[in-house]
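Visitor: This is what each chain is made of:
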Amino acid sequence: MQRAMAELGIAPSQTAVISGIGCSSRMPYYMNTYGMHTIHGRGLAIATGLKVARPDLTVWNVTGDGDCLAIGGNHFIHAMRRNIDLNIILFNNKIYGLTKGQYSPTSDRGLVTKSSPWGTVEDPFCPAELCIGARGTFFARAIDGDIKNSIVAMKAAVGHKGASVVEMLCNCVIFADGIHKLVTDPAVRADKTILLEDGKPMIYGKNRDKGLVLDGWNIKSVTLGENGITEKDLLVHDAKMADPILHLKLAMMGYSPYGYAGATDELPIALGVIRNVEGISYDEAVAGQIEEVKGKKKARTLRELLLSGDTWEVK
Amino acid sequence: MENPKIIEASEVVVRFSGDSGDGMQLAGTIFSTVAAILGNEISTFPDYPAEMRAPRGSLGGVSSFQVHVGKKVYTPGDQCDVLVAMNPAALKQNVKFLKKGGVLIYDEDTFVQSELAKAKFATLDPFTEMGIADKYQLVGVPVTESTKASLADTGMDAKSVARCRNIFALGFVFWLFNRPLKKAEEFLTSKFAKKPEILQANLKVITDGYNYGANTHASVSTYRVETRKAEPGIYCDVKGNAATAYGLVAAAENAGIRLFLGSYPITPATDILHELSKLKFLDVITVQAEDEVSGICTAIGAAFGGALGVTSTSGPGIALKSEAIGLAVMAELPLVVIDVMRGGPSTGLPTKTEQTDLMQCIYGRNGESPCVVMAASTPVDCFNAAYNASKIALEHNTPVILLTDAFLGNGSSSLRIPEPDSLPPIKPAIATADMADSYEPYARDPETFVRLKAIPGTEGLMHRVGGLEKDEHGAISTNPEVHQKMVRNRQAKIDSIANVIPELEVMGDADADTIVIGWGGTFGHISAAVENLRAEGVKLAQAHFEYIVPLPTNTSEVLRKYKNILCCELNNGQFAAYLRSKVEGISIKEFNEVKGQPFQIRDIEEAIISVVKG
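Quick mapping for you: the protein sequence lines, in order, are chains A and B.
This note's numbering puts the first residue of the first sequence at 2, with every later residue one more than the last.
This note's numbering puts the first residue of the second sequence at 52, with every later residue one more than the last.
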């Protein structure tokens with residue numbers, strides 16, 4: 002994050018990092034910026050107030066799957082809906098680490114934890130699905146060990162006007178070690194993930210010989226060279242497409258247990274900037290409306306306002 | 052036409068009542084506004100049902116608006132001199148408020164079988180049925196038919212015509228009180244500026260209502276109300292919630308910073324959100340948050356960013372905001388939390404008034420979590436209280452909870468518009484860039500224990516604050532001695548605010564051995580009761596608390612002087628219990644009521660008498 006900001010030339014004094022509670026939320030202490038380590042689930046609400054009052058600042062919210070999607074779920078969906086210009090780093094380790102290992106709203110059904118000794122009996126949220134479902138305009142996904150692509154995603158988030166979510170797939174070495182290893186293990190990563198880049202065809206695989214195509218409503222994995230398939234037949238990523246349907250399908254690849262038609266385990270998990278759509282950001286709209294209303298009303302002080310209304314004088 | 056039988060009165064109380072859809076609040080507001088313009092003091096009390104739109108004409112759907120006008124007015128009055136009842140249900144619900152011998156004006160066109168049945172009258176003669184035929188001056192006015200006749204040529208539909216009935220009745224009341232129609236016409240003209248048809252209709256019916264009185268009711272006594280010479284200045288009429296909003300704006304202007312309100316709509320506090328949302332051209336930012344928690348958290352974020360952060364709510368909202376208030380205590384950020392109290396617990400009586408949130412606001416947080424708690428005493432005092440709450444928050448970097456209530460928030464009176472520079476200056480306690488070498492986020496002033504806040508964007512002062520305990524350098528600490536010290540420092544900061552607030556003022560007789568005390572919105576009722584009894588020769592002192600945490604420095608000294616201390620409050624004795632815990636060795640008697648209604652002055656008088664007699 003510090004590197005992303007340095008590369009973008011944003012001074013630490015113009016930056017505020019707001020976090021809630023959870024392992025992720027210690028982040029402000031590692032940053033030489035303005036910071037506030039708040040209360041559980043409320044980081045986004047506090048960041049919203051800060052950004053609206055101070056649109057000149059670059060405001061980050063660092064959060065986790067419990068902080069953001071359980072106790073802070075309401076603030077999350079409304080931050081998406083309002084499209085407030087915040088950069089949200091969502092560390093998803095699918096577990097509650099700080100309270101020593103309970104399942105989280107992103108834990109897979111059946112996960113055995115201290116609070117689910119016989120496995121959970123509930124389905125998880127997929128952060129991307131919640132983000133896009135709540136009208137989110139920016140969603141990126143990265144693996145926490147992959148610094149290069151994490152920085153690319155964070156820089157894109159800062160560049161995006163509006164609420165930007167970067168989901169970091171991360172490990173809790175104590176309570177959920179290897180939670181994402183099916184996709185993050187270097188041995189299989191190239192075949193289990195695809196890095197989406199705007200304007201580029203969707204190619205992946207250790208040998209760069211696999212690609213994605215649309216088959217009816219579904220995304221399908223194909224092998225280049227088989228059945229006459231060439232690069233030209235592949236989907237080209239368009240992160241700026243306003244229609245969220247394809248972004249949602251891409252973001253949900255690999256999440257087959259949740260019953261989405263077309264999503265199968267054969268599909269790779271999407272990484273990179275999946276959605277990056279322009280919209281009106283809330284802080285700009287608030288500031289814009291204030292300027293607009295100033296054009297309509299003459300009073301600039303409370304006294305001028307009150308004197309322009311119904312008054313009477315006692316002499 | 053001048054009426055020959057005019058009663059000169061120093062004060063008079065009028066109660067407008069009708070169905071919720073009859074526009075009683077508007078009629079009452081116009082009447083009270085005009086009274087204020089003419090130099091009367093005013094106090095109003097809107098009393099409306101929580102269930103918006105109970106069946107038309109039913110007892111549950113009755114809405115009323117009481118206004119007290121006169122030379123010296125403290126409260127909306129216990130009972131009214133004139134009652135306007137737009138239908139039988141309104142009569143049934145409100146006749147208990149009418150003084151014996153008072154004037155009852157009713158719309159005789161609605162006193163028909165179907166309407167009487169809806170109001171659960173058994174007979175067609177409700178006056179005899181209630182045994183009131185001889186007790187009052189009954190003035191039947193054919194309001195409905197007269198309004199129809201008045202607007203017959205306008206081509207308006209029946210529904211729109213029916214909506215003008217309140218203004219016809221108001222015209223009649225204007226005649227009754229010798230009020231010039233011109234002022235009401237000005238009010239209507241500004242209110243309906245964008246609806247010329249409705250404006251013309253209302254201007255016509257108010258004139259016709261006035262003339263109806265002048266032409267046909269020469270036998271009814273009419274009133275002329277005395278005015279009082281107020282402090283010279285320019286005045287406007289405001290409701291308490293608007294006064295609160297204006298006080299916040301004035302504070303932000305004086306401090307030279309942005310005003311930010313984060314709020315979730317809740318009765319009876321929502322008008323503060325409404326008022327401030329209108330004032331965007333004064334650089335006011337309002338965020339209608341997704342919930343109460345977000346309301347306060349956005350305000351905390353804005354305060355961290357250097358704005359005057361404010362959140363407004365009522366009791367249930369305070370419960371939801373408690374954890375975040377604790378964060379502002381711990382992070383030592385300026386924050387104003389306004390609680391417009393209503394009947395509780397739980398959802399309780401949302402539209403009614405109570406003082407039952409006091410203990411919640413003083414103590415309702417986890418940990419040792421002190422913050423300033425203060426209370427406004429009249430609708431107009433909401434302005435000063437909001438201003439002072441903001442001043443303390445910004446100068447001491449602490450949350451301040453300001454208690455008002457439904458009675459104050461909805462009631463109106465005349466605000467003297469402050470001259471520029473007449474308000475005390477506000478100097479936020481902030482660090483500046485030239486302190487970059489030495490800045491420590493939790494270093495304190497040795498006298499006031501105030502820490503300086505650094506505002507994001509300032510070069511060289513980057514730091515972290517938050518809910519975890521920290522040492523003076525801002526580093527997280529679980530060291531037992533550090534925690535003990537920080538707990539004491541935070542408490543000392545609040546305690547030292549006693550040095551900058553006014554001392555408790557004692558009113559009344561210097562040689563009294565009984566003092567009547569209260570806090571917040573009961574000021575008018577307690578003052579009226581004390582003055583009435585003093586006029587009868589009872590020796591009494593009175594003190595009213597605006598600051599509760601911390602208490603004024605002379606509190607103990609004042610209270611110990613009296614043989615009897617009577618504390619009157621609209622709860623089960625919360626302030627009395629708090630005082631006992633803070634002032635050793637005093638004995639406090641209590642007069643408590645929890646009915647969702649303001650006190651009745653005569654009830655306070657009785658309570659005082661029983662204490663005085665011992």
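For the record, the hints were derived by calculation from the structure and aren't laboratory data.
Just to be clear, a hint being listed does not mean it is correct.
Claimed, not checked - Derived list of chain A stretches under chain B, where covered just means 3 residues or more per stretch with a C-beta under 8 Å from a C-beta of chain B: (1) 96-106; (2) 136-150; (3) 163-172; (4) 277-291; (5) 295-301.
Stated by the list, open to error - Straight-line C-alpha distance at most 27 Å; calculated DSS-like pairs for lysine-lysine: (6) B/122 / A/298; (7) B/246 / B/233; (8) B/234 / A/298.
For each residue, glycine too, the CB sits at the ideal point set by N, CA and C.
Visitor: Take the hints in turn and mark each one as holding or not.
Guide: Consistency of the hints with the structure:
no. : hint          : verdict
1   : 96-106        : violated (count 0)
2   : 136-150       : violated (count 0)
3   : 163-172       : violated (count 0)
4   : 277-291       : holds (count 3)
5   : 295-301       : holds (count 5)
6   : B/122 / A/298 : violated (36 Å)
7   : B/246 / B/233 : holds (19 Å)
8   : B/234 / A/298 : holds (25 Å)
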